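In the order they appear, the protein sequences are chains A and B. Per the working numbering, the very first residue in the first sequence carries number 1; after that it's consecutive. Per the working numbering, the very first residue in the second sequence carries number 113; after that it's consecutive.
Worth flagging that the hints you see were computed from the coordinates, not collected in a lab. No experiment lies behind these values; they were computed from the predicted model shown. Some hints could be false.
Calculated Cβ distances over 10 Å to all of chain B for the following chain A residues [claimed, not checked]: (1) 13; (2) 31; (3) 84; (4) 94.
In silico contact screen, one side only, chain A against chain B (beta carbon under 10 Å); selected entries [stated by the list, open to error]: (5) 14; (6) 17; (7) 26; (8) 30; (9) 39; (10) 64; (11) 99.
Computed cross-link-like contacts, DSS-like style, restricted to lysine-lysine with a CA-CA straight-line distance of at most 30 Å [as the list claims (entries may be wrong)]: (12) B:154 with B:127; (13) B:169 with B:183; (14) A:57 with B:214; (15) B:154 with A:9; (16) B:183 with B:214; (17) A:71 with B:214.
Heads up, the beta-carbon is just placed ideally off N, CA and C, and yes, glycines get one too.
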Amino acid sequence: NAGVTQTPKFQVLKTGQSMTLQCAQDMNHNSMYWYRQDPGMGLRLIYYSASEGTTDKGEVPNGYNVSRLNKREFSLRLESAAPSQTSVYFCASSEYGATEAFFGQGTRLTVV
Amino acid sequence: QQQVKQSPQSLIVQKGGIPIINCAYENTAFDYFPWYQQFPGKGPALLIAIRPDVSEKKEGRFTISFNKSAKQFSLHIMDSQPGDSATYFCAASIRDSSSASKIIFGSGTRLSIRP
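The task is simple: from the sequences and hints, build the whole structure.
Structure, rendered in structure tokens:
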């Protein structure tokens with residue numbers, strides 16, 4: 001089992017460019033999450049999807065959009081990247097209502 | 113503002129010592145308090161967790177102490193080893209209106225165990 005798979009692992013964008021971060025899980029989990037990790041700030045929740053067909057804002061949703069494509073896949077889109085979005089992005093999944101989240105390996109994004 | 117406040121930001125301990133990492137929260141709706149461990153280049157992984165109706169939980173060398181009235185909890189690592197060197201995150205889980213769980217993380221502690 002691969003668990004939670006994120007693509008790409010690294011990306012450099014120019015300010016104003018758009019891109020989509022992909023996440024897929026093979027654990028049949030209902031809930032999926034996107035976090036960003038910045039030094040001294042820990043992991044901050046961007047958006048989450050409690051179950052297929054639903055998405056909700058987390059702590060820092062501005063500048064991002066998400067799509068829960070199906071039960072396995074949850075994508076994060078930056079429409080117009082800004083340097084402040086330089087970060088490491090983690091996708092995670094869990095059973096619905098469960099409290100343990102399983103994380104992917106992360107995507108390191110640099111916006112110049 | 114951080115809903116879960118964690119300290120210290122970094123910690124250096126000699127092998128065999130007992131590092132202690134502290135966290136505090138305000139929202140009494142949090143119903144589950146996990147600790148995650150993260151090694152460089154990897155995603156966080158669940159280490160140990162506690163519910164607010166329990167004051168202490170031990171798993172191997174890792175212990176969570178929980179003080180509900182003070183809204184504080186801490187991680188102790190007994191007989192620490194160089195392999196415990198990692199970043200540790202406390203977290204708190206809360207259910208939204210649909211009963212889905214959101215996990216809110218603290219700012220992290222970079223722990224280094226000296227040989």
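Okay, which hints does this one fail, numbers in order? Failing hints, ascending: 2, 4, 5, 6, 7 and 10.
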